[in-house]
Amino acid sequence: MGLAPRPDARVASRAAGDATNDLVSYDPASQEGWITTRLDMLVNWGRANSLWPMPFGTACCAIEFMASAAARFDLARFGMERMSFSPRQADVLICAGRVPFKLAPVIRRIYQQMPQPKWVISMGACASSGGMFDNYAVVQGIDTIIPVDVYVPGCPPRPEGLMYGIMMLQEKVKRERMSDTSLRDELDPDPASNLYIPPAVIDELSEPFGNSVHQTRSGL
Amino acid sequence: MSAPFTVIHAGHAATGEPAPRTPTQVPHRGGTANPSAARLQAQFPQFYERHEVIWGDTTVYVRPEAILDVVRWLHDDAGEQYDYLVDVTAVEYRDVEHPLEVVWHLRSLPFRRFLRLKAQLPKGTPLRVPSVWPVYRGADWLERECFDMFGISFEGHPDLRRILMWEQYREGYPLRKDFPLRGRFSRAEQLRQALSQNPEAKYSMEELTIADAFEDLPQDMRQRLAGGERTGE
Numbered sequence: 001m002g003l004a005p006r007p008d009a010r011v012a013s014r015a016a017g018d019a020t021n022d023l024v025s026y027d028p029a030s031q032e033g034w035i036t037t038r039l040d041m042l043v044n045w046g047r048a049n050s051l052w053p054m055p056f057g058t059a060c061c062a063i064e065f066m067a068s069a070a071a072r073f074d075l076a077r078f079g080m081e082r083m084s085f086s087p088r089q090a091d092v093l094i095c096a097g098r099v100p101f102k103l104a105p106v107i108r109r110i111y112q113q114m115p116q117p118k119w120v121i122s123m124g125a126c127a128s129s130g131g132m133f134d135n136y137a138v139v140q141g142i143d144t145i146i147p148v149d150v151y152v153p154g155c156p157p158r159p160e161g162l163m164y165g166i167m168m169l170q171e172k173v174k175r176e177r178m179s180d181t182s183l184r185d186e187l188d189p190d191p192a193s194n195l196y197i198p199p200a201v202i203d204e205l206s207e208p209f210g211n212s213v214h215q216t217r218s219g220l
Numbered sequence: 001m002s003a004p005f006t007v008i009h010a011g012h013a014a015t016g017e018p019a020p021r022t023p024t025q026v027p028h029r030g031g032t033a034n035p036s037a038a039r040l041q042a043q044f045p046q047f048y049e050r051h052e053v054i055w056g057d058t059t060v061y062v063r064p065e066a067i068l069d070v071v072r073w074l075h076d077d078a079g080e081q082y083d084y085l086v087d088v089t090a091v092e093y094r095d096v097e098h099p100l101e102v103v104w105h106l107r108s109l110p111f112r113r114f115l116r117l118k119a120q121l122p123k124g125t126p127l128r129v130p131s132v133w134p135v136y137r138g139a140d141w142l143e144r145e146c147f148d149m150f151g152i153s154f155e156g157h158p159d160l161r162r163i164l165m166w167e168q169y170r171e172g173y174p175l176r177k178d179f180p181l182r183g184r185f186s187r188a189e190q191l192r193q194a195l196s197q198n199p200e201a202k203y204s205m206e207e208l209t210i211a212d213a214f215e216d217l218p219q220d221m222r223q224r225l226a227g228g229e230r231t232g233e
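Residue numbers (my numbering), protein chains in the order written: chain A, 1 to 220; chain B, 1 to 233.
These aren't lab readings, by the way, just hints derived from the structure by calculation. Values in this document were obtained by computation on a predicted structure and should not be read as measured data. Note that the Cβ used here is the ideal one computed from N, Cα and C, for glycine as well. Be aware that one or more of the hints could be misleading.
[What the hints assert, rightly or not] From the structure, some residues in chain A lie toward chain B, with a derived Cβ separation under 10 Å: (1) L103; (2) G131; (3) M132; (4) D134; (5) N135; (6) Q140; (7) P153; (8) K172; (9) P191; (10) A192.
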């Protein structure tokens, strides 16, 4: 992205024999402003700086996440101050804390209810790998259920750690290209298995939440 | 909510006793037993096994088949008034010969007394004890948790189902000593079974929707919703 001089300004400066001002003119009269950029770069810039998180806090990582959102660390600097407690309006699912097996279908369904584009941050050791809870009740990493973009280590991570992960996610968002058709691919389970949830059911589940009813993913 | 709410002042029945204070230099074993233990022995001599005092708390062992009668007497008797069921849980010891113990923690607010009841269930026999739900409604979920984790059947419980693990959980009872820490199935199989559970199996959408429960909502919430705040229909 950059500012380009008016074509006639370049011609005028060249005609005057001014070699130092050959390409860029900072004459105020020539700054009527038009921008050339790649469209996906502009879109990515907007997306990366207005990520709305869907907080999925199950344990002590959620406390650190709340601290990140509060005044001292201030997630608003990254355009993330608007917590989306409905998956319909969320961009980033931040899973903060351990996920027991009983919660596995719930987080999967929340992920399916989020509209594209969507990203996932796995915050802390438990969400990333099961952590110290190598037992019968805890999912050994949420990447066995949903795709994860950024893993934040720590037990729990300090807010700085989460912010570093958020900035890494912003970098990732900024590098996305529209020509990459595989970017938004989702693997749907086999409709014959009982892992499959029909689109109408995914839509129906958001019913009590205000105007979310009208923002369904299937367009029904 | 038809029954009127009555305020209970802690210790109002224990007149004449000195004001309570934190005990110091409590022996590990021995000391003054809860007076309820002696009365319990006199009341149920055939079901009373023994009592012991550990760190100042009295534990009474009773026969498992009598637990409902014992608890009901402790709750109803004017000289006991154990009106608060703190916890129902169970203990399995590493010693395989040691029977499994079911534990009830009772608190008498009027007398400021604490009593721990234990019933021993030998291994190799069906793990059954009567439910105390007819006396304490709060025992409902406590006994369900105990059933979920240890596989103890509480007879007379109105709705004995798993509560922490999901209902289709098939690996056994996780807090038993013969249960491996990581479960019996492979991680992939555990995940597959967990993902195929239905979170709405018990609660239908009708139960969850605010609009359908409008008549059951509190008065102030109904006014607020009727005044223009939409429920999402």
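| A/D134 as chain B interface residue, shortest Cβ-Cβ below 10 Å | holds, 7 Å
| query | With a cut-off of 10 Å, does the beta carbon of A/L103 approach a beta carbon of chain B closely enough for the hint to hold? | reply | holds, 9 Å
| Hint validity - A/M132 Cβ closer than 10 Å to any chain B Cβ | Hint on A/M132: violated, closest Cβ of chain B at ~12 Å, above 10 Å.
| query | Taking the closest Cβ pair, is A/Q140 under 10 Å from chain B? | reply | This hint holds: A/Q140 lies near chain B, its Cβ roughly 6 Å from the closest one there, short of 10 Å.
| said: Under 10 Å is the threshold here; is the Cβ of A/P191 close enough to any Cβ of chain B for the hint to stand? | reply: violated, 14 Å
| field | Restraint satisfaction for A/G131 [CB to CB of chain B, less than 10 Å] | value | violated, 14 Å
| said: Under 10 Å is the threshold here; is the Cβ of A/P153 close enough to any Cβ of chain B for the hint to stand? | reply: violated, 21 Å
| request: Return the status of the interface hint for A/A192: holds when the least beta-carbon distance to chain B is below 10 Å, violated otherwise. | output: Since chain B brings no Cβ nearer than about 12 Å to A/A192, farther than 10 Å, the hint is violated.
| message | Would the hint on A/K172 be counted as holding, given a Cβ-Cβ threshold of 10 Å to chain B? | response | violated, 26 Å
| Taking the least C-beta to C-beta distance, is A/N135 closer than 10 Å to chain B? | It holds, given that the least Cβ distance between A/N135 and chain B is near 5 Å, below 10 Å.
Checked against the numbered hints above, the structure breaks hints 2, 3, 7, 8, 9, 10 and satisfies the rest.
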